[in-house]
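A.B. asks: Each chain is listed here by its residues.
Number of protein chains: 2
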Amino acid sequence: MSRFVTREKLTILYDTLENQGIDVLFIRDSEEHRDVNMKYLSGHPEDASLFIDIQNRQTFLVPWDYQLAKDYSEVDQVINIADYEGGLIPATSETLKKIVDSNPKIGIPQAIPYGYVQTVLDQIPDAKIVYNPREIDSLLDKLRSTKSPQEISLLKKSIEISNQLVDEMEERMTNHTDIKTELDLALFVDIRMRELGAFGVGFETLVASSARSWQIHTYPRADQLPMSRPGLALIDFGVNAAGLTSDVTLPFVIGKMNSKMEKIVATVEHAHNEAIAKLDEARFLHEVAEVAIDIIEAAGFKMPHGLGHGIGLTVHDSPFLRKKPTHETLLNNWTDTPLEEGMVITIEPGIYEKDVGGFRLENDVIITSKGPKVVTNSHPVYIDQ
Amino acid sequence: MSRFVTREKLTILYDTLENQGIDVLFIRDSEEHRDVNMKYLSGHPEDASLFIDIQNRQTFLVPWDYQLAKDYSEVDQVINIADYEGGLIPATSETLKKIVDSNPKIGIPQAIPYGYVQTVLDQIPDAKIVYNPREIDSLLDKLRSTKSPQEISLLKKSIEISNQLVDEMEERMTNHTDIKTELDLALFVDIRMRELGAFGVGFETLVASSARSWQIHTYPRADQLPMSRPGLALIDFGVNAAGLTSDVTLPFVIGKMNSKMEKIVATVEHAHNEAIAKLDEARFLHEVAEVAIDIIEAAGFKMPHGLGHGIGLTVHDSPFLRKKPTHETLLNNWTDTPLEEGMVITIEPGIYEKDVGGFRLENDVIITSKGPKVVTNSHPVYIDQ
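Each protein sequence line maps, in turn, to chains Y and A.
For the first sequence, my numbering assigns the number 1 to the initial residue and increments by one for each residue that follows.
For the second sequence, my numbering assigns the number 1 to the initial residue and increments by one for each residue that follows.
There could be a bad hint or two in this list.
[Unchecked claim] Here are the simulated lysine to aspartate or glutamate pairs, EDC-like style, with alpha carbons at most 20 Å apart:
id, chain 1, residue 1, chain 2, residue 2
1, Y, K180, A, E32
2, Y, K354, A, E32
3, A, K354, Y, D71
4, Y, K157, A, D223
5, Y, K324, A, D83
6, Y, K354, A, D71
7, Y, K324, Y, D137
8, A, K324, Y, D71
9, A, K302, Y, D137
10, A, K323, Y, D71
11, Y, K142, A, E32
12, A, K97, A, D122
In case anyone wonders, no lab produced these hints; they're calculated from the structure.
Model the full assembly from the supplied sequences, consistent with the hints where possible.
C.D. replies: The structure is reproduced here in structure tokens:
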């Protein structure tokens with residue numbers, strides 16, 4: 001494997017952080033704290049610290065699994081923690097010490113564990129933490145928000161398998177075949193995507209039968225509940241074919257709907273279609289989110305999540321499609337994100353009403369030089385009973 | 001669902017933090033940062049902020065999914081983020097503001113995201129962050145390190161299914177049935193545990209055929225590689241039957257071993273058995289780790305991970321079985337952990353040699369009033385070819 005960031009984008013990262021006076025960027029990924037920037041900037045899949053030496057334009061990786069890093073990462077130096085008594089923490093501190101001069105300014109992303117920063121920097125008392133999420137996180141998010149041609153070509157493999165799965169699920173569900181429970185449907189998708197060549201799921205497959213589709217993220221993600229129960233149901237799945245994941249929600253209408261369900265389904269479809277139409281002309285992403293939110297609120301509902309998000313090395317990648325806030329404090333921290341070529345985003349309006357049901361329709365869209373292109377094939381599936 | 005912490009332990013938490021002058025304990029769980037203390041202290045499965053008001057002995061939950069929290073959590077108040085413009089962040093800050101007086105001292109665990117703490121506390125300029133991992137994290141870890149009778153009874157369901165899976169895998173692998181690849185074996189376990197009544201996997205099932213068993217945590221966790229390749233192979237899996245997870249590694253010896261493999265297998269088995277024997281008499285956990293590490297090092301190998309860890313609501317729960325450090329700085333941060341009734345731990349020595357193979361034998365042990373009891377049935381499985 002190699003890193004996903006392009007050389008051009010890495011240069012932007014170095015130049016921008018250098019202008020901000022940052023000496024080292026400190027990235028951390030661990031079992032309880034995943035940071036997609038690890039894979040993006042180093043190629044190393046998981047469990048490591050990464051130091052990006054801005055002045056000398058060099059990268060240092062301190063992985064938990066040295067052999068894995070040797071095979072997967074693309075960095076200037078891989079540190080073997082077995083060479084340090086006490087392992088990871090001393091290895092990480094010592095590596096940082098070797099990179100920096102006096103009074104180093106260490107840039108960190110927002111999500112890095114508080115304690116990890118404290119522990120590592122404890123060994124370098126004159127280090128200054130530069131916590132500036134509007135500059136550091138925004139920059140990283142911006143770099144990841146448009147995909148390189150190579151990333152898009154990898155993503156297309158995931159899209160292709162997703163579309164095949166949608167067709168096969170529609171056939172199986174409408175013909176009342178062997179899929180009886182939420183878990184049957186989840187396992188069908190999990191196994192079938194591998195037969196079709198996927199590396200694995202992009203995230204844990206989520207199936208909500210009509211008994212609980214009002215939950216936004218069902219817990220557990222798939223259970224033994226019967227899929228045949230009349231009402232609104234859905235499956236939300238992602239295919240990771242070659243490192244990048246798709247994200248699709250296929251909704252089902254099972255049996256006859258009551259008038260409340262009809263209103264939910266019609267509103268979600270309308271919001272979905274109008275949001276996609278808006279992609280043709282919108283300058284900023286929030287305009288697209290607002291079209292869908294206005295439709296949903298005009299119908300008397302409230303959407304408890306954003307309209308969509310980028311997809312890539314992680315399922316919830318930048319950019320995010322949210323309404324522009326009106327509250328002053330929130331507005332001060334807001335930057336309009338323009339629609340740009342190379343973005344790959346989901347459009348996924350949803351409405352969730354307890355004791356009625358939940359309905360979400362989600363497709364993936366690539367913003368190309370010729371405009372937005374819906375690349376997945378999800379649509380409401382009607383199942384007679 | 002309800003919270004897992006007992007009333008007695010919650011009282012210890014309140015009393016201890018009150019003595020330390022902490023006003024509120026701030027716990028956070030999100031998609032990219034899981035904190036087992038969320039589930040442990042509130043019962044809520046995921047994606048929320050939890051404030052524990054120490055003085056008034058009350059708990060406040062700010063969940064992403066309000067309906068889910070209503071069904072799953074056991075707290076004094078659940079906040080609906082839909083009531084706040086801007087959602088999660090304002091809801092979280094406002095909730096904290098309502099709880100605290102002036103100059104509040106906010107206790108945080110080590111792993112909480114740096115930026116999340118900064119963002120929430122930005123709204124409360126006179127708040128003081130109490131970052132004291134040796135007191136806050138050690139206390140939470142200590143509370144979770146011994147399991148209540150209710151937790152042990154839930155865990156026994158996971159153990160029972162794990163043992164059935166070990167028997168069935170041994171049968172299938174030795175009789176050369178339908179399991180051809182790593183993925184076949186992983187999917188067999190993932191599907192079969194659900195047929196046997198499990199809620200799901202405790203963690204992503206890891207299978208390493210002999211082609212890559214020298215990786216500690218294979219990446220991807222299970223691939224299309226053939227299991228029949230001669231040499232050392234293994235499956236590392238966890239069953240989550242009722243909220244708590246088991247953790248078992250079943251190692252395979254496929255075909256004839258060369259002398260290096262024989263030495264690895266014999267050393268790991270010896271370290272495993274001697275560590276378990278040591279549990280009968282050891283006062284402290286590090287003594288158990290040291291028995292195994294000494295055996296492995298005397299044979300000329302190095303173990304790249306700890307000897308074992310607690311299991312529970314998360315697979316890597318406290319306590320941890322590690323060698324006592326000799327380095328002065330590390331020793332200053334070290335506390336001897338005594339073996340205690342109610343602990344449920346793994347014993348999992350392993351050796352990994354590139355181009356030879358990796359071998360890990362892992363069983364789960366409950367420390368009862370009558371001494372340690374090995375409750376899983378893993379052992380090397382020899383497969384003729």
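A.B. asks: Now, for every hint given, state plainly whether the structure supports it.
C.D. replies: Outcome of the hint check:
no. : hint              : verdict
1   : K180(Y) / E32(A)  : 32 Å, violated
2   : K354(Y) / E32(A)  : 27 Å, violated
3   : K354(A) / D71(Y)  : 12 Å, holds
4   : K157(Y) / D223(A) : 18 Å, holds
5   : K324(Y) / D83(A)  : 17 Å, holds
6   : K354(Y) / D71(A)  : 12 Å, holds
7   : K324(Y) / D137(Y) : 19 Å, holds
8   : K324(A) / D71(Y)  : 31 Å, violated
9   : K302(A) / D137(Y) : 39 Å, violated
10  : K323(A) / D71(Y)  : 29 Å, violated
11  : K142(Y) / E32(A)  : 19 Å, holds
12  : K97(A) / D122(A)  : 11 Å, holds
Comparing the model with each numbered hint stated earlier shows that hints 1, 2, 8, 9 and 10 do not hold.
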